[in-house]
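Chemist: Residue numbers (our numbering), protein chains in the order written: chain A, 42 to 457; chain B, 42 to 457.
Do not take every clue at face value.
As the list claims (entries may be wrong) - 27 Å max Cα-Cα, derived DSS-like pairs, lysine-lysine:
#1 LYS250/A <-> LYS453/B
#2 LYS249/B <-> LYS104/A
#3 LYS274/A <-> LYS450/B
#4 LYS450/A <-> LYS249/B
#5 LYS104/A <-> LYS250/B
#6 LYS250/A <-> LYS104/B
#7 LYS249/A <-> LYS453/B
#8 LYS249/A <-> LYS104/B
#9 LYS143/B <-> LYS453/A
#10 LYS148/B <-> LYS406/B
#11 LYS450/B <-> LYS249/A
#12 LYS267/B <-> LYS250/B
#13 LYS450/B <-> LYS250/A
#14 LYS250/B <-> LYS450/A
#15 LYS73/B <-> LYS450/B
#16 LYS274/A <-> LYS385/A
#17 LYS373/B <-> LYS79/B
#18 LYS144/B <-> LYS373/B
#19 LYS250/A <-> LYS274/A
#20 LYS274/B <-> LYS450/A
#21 LYS143/B <-> LYS414/B
#22 LYS144/A <-> LYS73/A
Please keep in mind that the hints were generated in silico from the structure rather than gathered at the bench.
Protein chains: 2
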Amino acid sequence: MKEKGNCLVAEAGGPWAVINASLYGVIKEAQKHREISKILGSRHGIEGMLNDEIVDLGWEDEKTIEGLKKTPGAALGGTRTRLRSSKLVAHSDLQKAFDVLKKYDVKYLFYLGGNDSMDTAYKLSHAAKETDYDLQVIGVPKTGDNDLLETDHSLGYGSAAKYVAASVREAGLHTESMYTAEPVTILVTVGRNTGWLPAASALAREGKKTAPHLIYLPEVPLIREKFLADVEKTCREVGGAFIVTGEGLVDEEGRYLAAEDDEVSKDGFGHPELGGVGEYLEELIQKNLKKNARTVKLDICQQSAMHFASQTDLDEAIMLGRQAVEFALQGKNGIMVTLQREEKEPYHCHVGSIALEKVANKERKFPPQWINKEGNYVTSNFLSYVRPLILGEVHVNIEEGLPVYARLKMIKAEPE
Amino acid sequence: MKEKGNCLVAEAGGPWAVINASLYGVIKEAQKHREISKILGSRHGIEGMLNDEIVDLGWEDEKTIEGLKKTPGAALGGTRTRLRSSKLVAHSDLQKAFDVLKKYDVKYLFYLGGNDSMDTAYKLSHAAKETDYDLQVIGVPKTGDNDLLETDHSLGYGSAAKYVAASVREAGLHTESMYTAEPVTILVTVGRNTGWLPAASALAREGKKTAPHLIYLPEVPLIREKFLADVEKTCREVGGAFIVTGEGLVDEEGRYLAAEDDEVSKDGFGHPELGGVGEYLEELIQKNLKKNARTVKLDICQQSAMHFASQTDLDEAIMLGRQAVEFALQGKNGIMVTLQREEKEPYHCHVGSIALEKVANKERKFPPQWINKEGNYVTSNFLSYVRPLILGEVHVNIEEGLPVYARLKMIKAEPE
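Produce the complete structure using the sequences and hints provided.
Modeler: Laid out in structure tokens, this is it:
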């Protein structure tokens, strides 16, 4: 097959630990195929296409490319910018993006991101078809929130789950040894509307008495009295309580327990920022139960803790990056690559695909059948689902006692 | 030398990652010496002596003892309880403690803790001398706050420093890739009045432009205007800002920026709990600079992250535990073992000792000469001090993707 044009890869949304591993997969696979002449990168997702910030990854040395595999953050930059609602290419944003894509002769676009980002990928793909621009768009599902539909799980989830579960096991032992003085710990995980990540903390538990004792998911409205009764019962039976909660807990009326509603606190997608749920519950416990409580907010460490990432997650991130390129070269377009779990043991996922419009902007909630009757824990079926995803430890390179990570040179691409 | 009596070991204050490694060192060394018949443990520091909760560590199997070496939390339980001010043995608490010590024929007491705990150790030692009770008390300096006097550094500091620095490097890369949307991250470390831990985050920095950009220590009063100017300047020059701060920041009048002053929020030592400094600064930035900011609060994960602990710290913790026993058998009493750094390269510390009364209740502030003129960073001399303390990685045992840790059987001791 002869040369067709250049490929462009972009990382969008907030990064998760293994997003650069997918970038690595895309680059390594693209290097193998003659149909692709240059491998370009878009700075900050769609922003690079709107602002003409396109870099030529051909200038990066092999060591840097290898280093990407185990580097947290988004090496090309993430973004909260998305294309606005119009699907028409006449829309000024889309027009700008297509001008840049043409300028660099981009024929393949690999868009790594979550459900908001898949919407942007879908719009680009749709507009290309409408205008007969020869562009193949393939999405790669990256979100530790794990809320993308049609894939067994999303990239980044296994690593975040592993880090959160390890942190809960360790902080749980710490809390246990301090029950007499500081009996309650609340650990808040990211995940706006879905409870996949707080749920995964259940992996830390070794027996009825060990952390975490209570898990609250955004899918289950929090009833304050029930919550306080749960905490008190646990303290009575165990001596203290280790609570894990998602950041987006809602009350019975569906209102966020701790939303900051000023404009500055909204992220670029217009979602209110949620941070205060731990402090809210902490105060509830201190006022009503007169028990000392503390909050752990790992925040972006959950998205970036490569020093204790899941090798399974990393391997799958590379695999999906590679497969995105292969699918594009097979002529597929407007799809997101997916992970399809095989029925048989041991755990294995093969790669599938789904139309972008089926996942764009949609949210996969935590399944009700995996929540216990009390609404304060997860079931063993969920544990069977999540357990294989955290297996294997990524060994980062260490220098002077700290992990060392790669940085791209970011050489601006030449227009064609 | 013939048998003299039993030894008792206690873990006090809040645990830090390697406190059980010192416990391991005490046990392994004590096992070697005939002068010590039984190795007993006090549950929750001094509380076990007040409430007659003494366990016989002779019932623990070898695998558990080995496992202690790399187990976070305080295996025997920590405490915020301390002996009150009186030094007289007639004081009811001291009387109770001595009744229990006699009941179990305790002749050696090893007390692992920070400066509050060294005060309790000192009082026990002093009271024993006053009443001619044959008790040798040796303290082991454990506090990741690193604020004990007369020792080069304290146990737990190296591991906490390593974990914080790695987290800052990783979260820094994450933040850097999101500058266009979420430019400011504030990471709050523990350390009430001293800035040793936030200072250590400077190890993460790889160049002028990388995280952390600004470090604020409790030793330097925060001037709001100056702080905002620092953040704005950094954002202008770098694109965003990664800020590390101690939890106990004070304003120009010496008031904590974010103290909760209700009774429940005071810890057992009567200190107000400090948690809100990140949220305080976050609001300051959002209101005044109109920039999106987020807070990371690693909280007790800093004290318990054995999965990325410092091997140097762990080795020293075992060494000091062993040496405490050796000193006791040499007849030393009323001392704390210390780490003395040797002048020559490579880094090495030998063990020294200091009278407990010289360290009890005293606090070693972060040295002013290691703070830059602007009051917003640390100097390279500090980096030379801290760098060797984080070297080497502890390899924890992993099962099903998570670290596995030891638990004591806690068999109650028989009175003599």
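Chemist: Which of the numbered hints above does this structure break?
Modeler: Per hint list: 9, 10, 16 and 21 violated.
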